[in-house]
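**Student:** Starting from the two chains in their separate frames, assemble the complex, guided by the hints.
If you want the building blocks of each chain, they are given just below.
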Amino acid sequence: MSPVPSSMLRIDALRSVYDRLTDRVVITIMGAVAAELQAIGHRPNQFYLQHAMGLASSMGLGVALTRPELSVVVFDGDGSVLMNLGGLTTLARYRPRNLVHVVFDNESLLSVGGFPTATSTGSDITAMAAAAGIPRAVTVRTVDDFVSAFDEAIAAHELTTIVAKVDAKGPAGFVTDLALLENRFEFQRWLKKAGARTTHPAS
Amino acid sequence: MPVSVNHSRLIYDALKECGVGLVSALPETWLVHLIRMAEDDPEMILVRLAKEEEGVGISAGAHLAGTKSAMLMQNHGFLASVNGIVSCAQLYRIPLLMLISHRGEFGERDPWQTEGGGVTEHVLQALRIPFAYLDAPGHVGHRIRKALTLAYSSNKPVALLLCRDLMWEDEGHRD
Numbered sequence: 001m002s003p004v005p006s007s008m009l010r011i012d013a014l015r016s017v018y019d020r021l022t023d024r025v026v027i028t029i030m031g032a033v034a035a036e037l038q039a040i041g042h043r044p045n046q047f048y049l050q051h052a053m054g055l056a057s058s059m060g061l062g063v064a065l066t067r068p069e070l071s072v073v074v075f076d077g078d079g080s081v082l083m084n085l086g087g088l089t090t091l092a093r094y095r096p097r098n099l100v101h102v103v104f105d106n107e108s109l110l111s112v113g114g115f116p117t118a119t120s121t122g123s124d125i126t127a128m129a130a131a132a133g134i135p136r137a138v139t140v141r142t143v144d145d146f147v148s149a150f151d152e153a154i155a156a157h158e159l160t161t162i163v164a165k166v167d168a169k170g171p172a173g174f175v176t177d178l179a180l181l182e183n184r185f186e187f188q189r190w191l192k193k194a195g196a197r198t199t200h201p202a203s
Numbered sequence: 001m002p003v004s005v006n007h008s009r010l011i012y013d014a015l016k017e018c019g020v021g022l023v024s025a026l027p028e029t030w031l032v033h034l035i036r037m038a039e040d041d042p043e044m045i046l047v048r049l050a051k052e053e054e055g056v057g058i059s060a061g062a063h064l065a066g067t068k069s070a071m072l073m074q075n076h077g078f079l080a081s082v083n084g085i086v087s088c089a090q091l092y093r094i095p096l097l098m099l100i101s102h103r104g105e106f107g108e109r110d111p112w113q114t115e116g117g118g119v120t121e122h123v124l125q126a127l128r129i130p131f132a133y134l135d136a137p138g139h140v141g142h143r144i145r146k147a148l149t150l151a152y153s154s155n156k157p158v159a160l161l162l163c164r165d166l167m168w169e170d171e172g173h174r175d
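Sequence lines, in order, name chains B and D.
Quick note on the numbering used here: the first sequence kicks off at 1 and runs consecutively.
Quick note on the numbering used here: the second sequence kicks off at 1 and runs consecutively.
What the hints contain is simulated information worked out from the structure, not anything from laboratory work.
Don't take each hint at face value.
[Stated by the list, open to error] Once the Cα atoms are required to be at most 20 Å apart in a straight line, the calculated PhoX-like pairs of lysine-lysine come out as:
# : chain 1 : residue 1 : chain 2 : residue 2
1 : D       : Lys68     : B       : Lys192
2 : D       : Lys16     : D       : Lys68
3 : B       : Lys193    : D       : Lys68
4 : D       : Lys68     : D       : Lys156
5 : D       : Lys146    : D       : Lys68
[What the hints assert, rightly or not] Where chain B lies over chain D, by a calculated footprint (3+ residues, C-beta under 8 Å):
# : segment
6 : 82 to 88
7 : 106 to 118
We treat Cβ as the ideally placed atom computed from N, Cα and C, and that holds for glycine.
Here chain D stands alone, though its shape is the one from the complex (with noise of 0.2 Å):
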């Protein structure tokens, strides 16, 4: 499977340098490395989903009891989250770190991924949360702290975009 095992292992550090504690998932196939290091990591609560806008609630009552988290989700997840985010993390501004994997951009061969690349950008803008892409591993630990720092600080949602560039291990070469 050609996503990088190494690079979702600098996220997954990062993460865990943080201080991220819990972590909640719908399986996609960017994802799948990240997921199964926060199920090997003893110190790490991982919470299985049945639907993204659980991770919402779960990750609400993580953070009132003291417990940094993060979402990690498809961009269809964080589609079908929306109603969660606004009713539950910014009416009662909770800091929410989304790592969303950016489906359906340049380079995307599934077709039925085509739709949620192209709205995910309006939908945050539309929201007003802010949100930075993780497109090159040089800058993944410090655009993962600097995102926790300002979802503290202002007490709301924050997202970073898992672009392709960074979990497709040989989508730049062979392109």
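Isolated chain B (complex conformation) (with noise of 0.2 Å):
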């Protein structure tokens, strides 16, 4: 295959759903994506797995599962989702109607010095969670794709993954100052509340 070349940055794909992201449940992976949604702007809404490689989506699965009332996005990544690939399985075999899960892969583990991962080699993130059993299934290389990627995926109302490919550049660090058990504690409490708030349908 032809590598097709890849014109987006991480944080620009963040920047561009980020007011759509306001009255929904937001979980990351670590690393580069962790400290750019940060910087781009902390909301209560949103808690980052700092470790667990792999598990962002069953967190994701699991709030999803017990609060069909809430919208729930995932910000995954190559070297996460390579980790858990039968977690693609089990996303599909349950198939929550209220999840985005999105993959941003730049074929790298970057927050460890940029080695390779497998979809660098060919490996197909978008293909195997089709394969999965994942009813949508895109890939998209351009802002205005992924924003458009986005909206149809809450629009259909049904799991979709969304692997964007971008580019292996990230912040300069990957500590900030938002201690991980604040975040857990704050984004527990905005769930207890969330419901009256939501304008998302039940599934």
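**Tutor:** Here's what the structure looks like:
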């Protein structure tokens, strides 16, 4: 296969949907995604799983299944998905309609030095998600296409994996001034109150 | 199948009485009745896993969203979940109730189960996870209740080891 050049920065993709995240449950992986989303602006509905690679989508599934009235967005990465490929089959098995699974695929383990992952040698997460049974799986390579895919996933009200091919560029550092447990308890309190203010239809 | 239906029912009813609303599971012989009970219960969310570590993330999400959960797994599944337990449940102070079938102890006939039994308690101790044994029907209800009480007061994982004498109906008499 001939490589298609990527022309998207992850932080631009995050910025492009940031206003759409206000009332949704947002769960991210560690590393650049967490640091960049906090740099754009932390909100109490945003939880950053700063370890346990692979389990962000599992956490999203746990929230989505127990709170069908909420809209859940998971920001995952290629390295994390590859550590929990079975999780794609579990997502597909229960296919919560209120979950959008975004995978930022920079084809590398950026935060530990940029070592290439298997998506750099042809492994296709979109195809694996579709083959696992996730009803909607798309690849996007530009910010405009990312925003369209995000909006379509929300409107479709069906489990969707969006693989956003992004450049392997991240912030200078990954540690922020938000303590892990502060984030966790604030997020739990937000979830406790969240039912009343959501506009998302129950599945 | 000599897995005890009655004792599985005791365990399941205790989970229900404690308000558990989500169970994640990977099939294992001793857990078949418990998994079927969860499947047949319209009030229970049963999540069948590909690998047990996923259950740690699912339970963490369920807890933060307001639902009590339990993980059903074999001790080899517990061993496969250790990173998730440490870097999700312990790092983020998630109350996590793990019901672990304690294979590989006295009476074990399957040669492939015999390594896991000998290391399970040591790994639990190394992780500083409080645990107790469920090995007789009389204490099932209150041990599950007390385990959940500690999990929630400490915001930490706890484990109950499901033992052969409880789960395997005729073992005590035959051996």
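**Student:** It remains to establish, for every hint, whether it holds in the given structure.
**Tutor:** Status of each hint after checking the structure:
no. : hint               : verdict
1   : D:Lys68 x B:Lys192 : 14 Å, holds
2   : D:Lys16 x D:Lys68  : 10 Å, holds
3   : B:Lys193 x D:Lys68 : 17 Å, holds
4   : D:Lys68 x D:Lys156 : 13 Å, holds
5   : D:Lys146 x D:Lys68 : 14 Å, holds
6   : 82 to 88           : holds (count 4)
7   : 106 to 118         : violated (count 0)
Of the numbered hints given earlier, the model fails hint 7 alone.
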